[in-house]
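Trainee: Place chain B on chain A using the hints.
Residue numbers (this note's numbering), protein chains in the order written: chain A, 1 to 172; chain B, 1 to 99.
Worth flagging that the hints you see were computed from the coordinates, not collected in a lab. Because the structure is a prediction, the values reported are computed rather than measured. Take every hint as true, because none was put in to throw you off.
Pairwise CB distance ranges, derived in the manner of DEER restraints: (1) A:Q3 - B:P88: 43 to 49 Å; (2) A:G117 - B:E93: 46 to 52 Å; (3) A:V123 - B:E71: 29 to 35 Å; (4) A:A156 - B:V64: 16 to 22 Å; (5) A:N135 - B:V67: 20 to 26 Å.
Here are a few chain A residues that face chain B, going by a calculated C-beta distance under 7 Å: (6) A17; (7) V20; (8) F44; (9) L47; (10) S49; (11) V71; (12) V72; (13) A93; (14) P94; (15) L100; (16) L116; (17) G117; (18) L162; (19) A163.
Glycine residues also receive a C-beta, built at the ideal position from the N, C-alpha and C atoms.
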Amino acid sequence: MEQALFFAAAIGALGGAIGVVAMRNPFFGVLSLIVHLFSLAVLFLLLTSAFVAAAQVVVYAGAVMVLYVFVVAYVGGGTESAWEPIPGQRLLAPLLGVALFIELSIAVLASSLLALGTDGPDVRAGFGDPAAIGNLLLEKFLVPFEAASILLLLAAVGAVVLAGHLREGERS
Amino acid sequence: MNIEWYVVLSSLLFAIGATGILIRRSPVVILLCLELMLNAGNLALVAFSRMVGNQDGQVFAIVVMVVAACEVVVGLGLIVAIFRRRLPLDVDELRELRG
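One chain only, chain A, in its complex shape (with noise of 0.2 Å):
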């Protein structure tokens, strides 16, 4: 049952993934990245982080990813043009990534680490559900979790400022 669920949410992980990438209208793109965001929760859940899960579909499916599809539909979605700075890039980008899957494979099978090859330990039942993570951002990481929410109040009045009306004698 684990495994049957595990591969699926790979494969819907992965197909997003391609998507995103192939997809020459930007809007399917983002649509391929919710299923890939979709997947990737269940992976979470299968690694019993039920909060982590939930954030995720809440935050990204949720809230980032409305915020791409009225950006998109506000642009456009234009055509990409052929003209390559480097010749041949779209060959050599390719030939790139799978150089760098390989080169993380070797990083990660060839280390020293053996609880790698495990299911990892047995957990006790609370494990990862959001009262243990909010005990653990209120107590234990509280500065970071502070400096999160700095940042985040930056990047909203940065966002306005960039994105807000344009002044007059501005060039438009």
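Mentor: Below, chain B alone, put in the same frame as chain A:
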């Protein structure tokens, strides 16, 4: 399932995201591919947190999510600003900063 499977899947997703950034021209799609890479990192963090049996990695993954949300907001704001100034939405044509 062995933790290995999750980590190899995460490195595969990271490689796909990196390939997308190298291939695509549209800034919106490049931001989407950045999301792919950040999410691959999140999957590895959560998998390692399960491997160790410690929840600190999950808090790290949530902080990565916050950073990704900020990056998306600022990036999309930049894209809207580029679009409103009638500049081409193509990272190869927006190369005035290059020396």
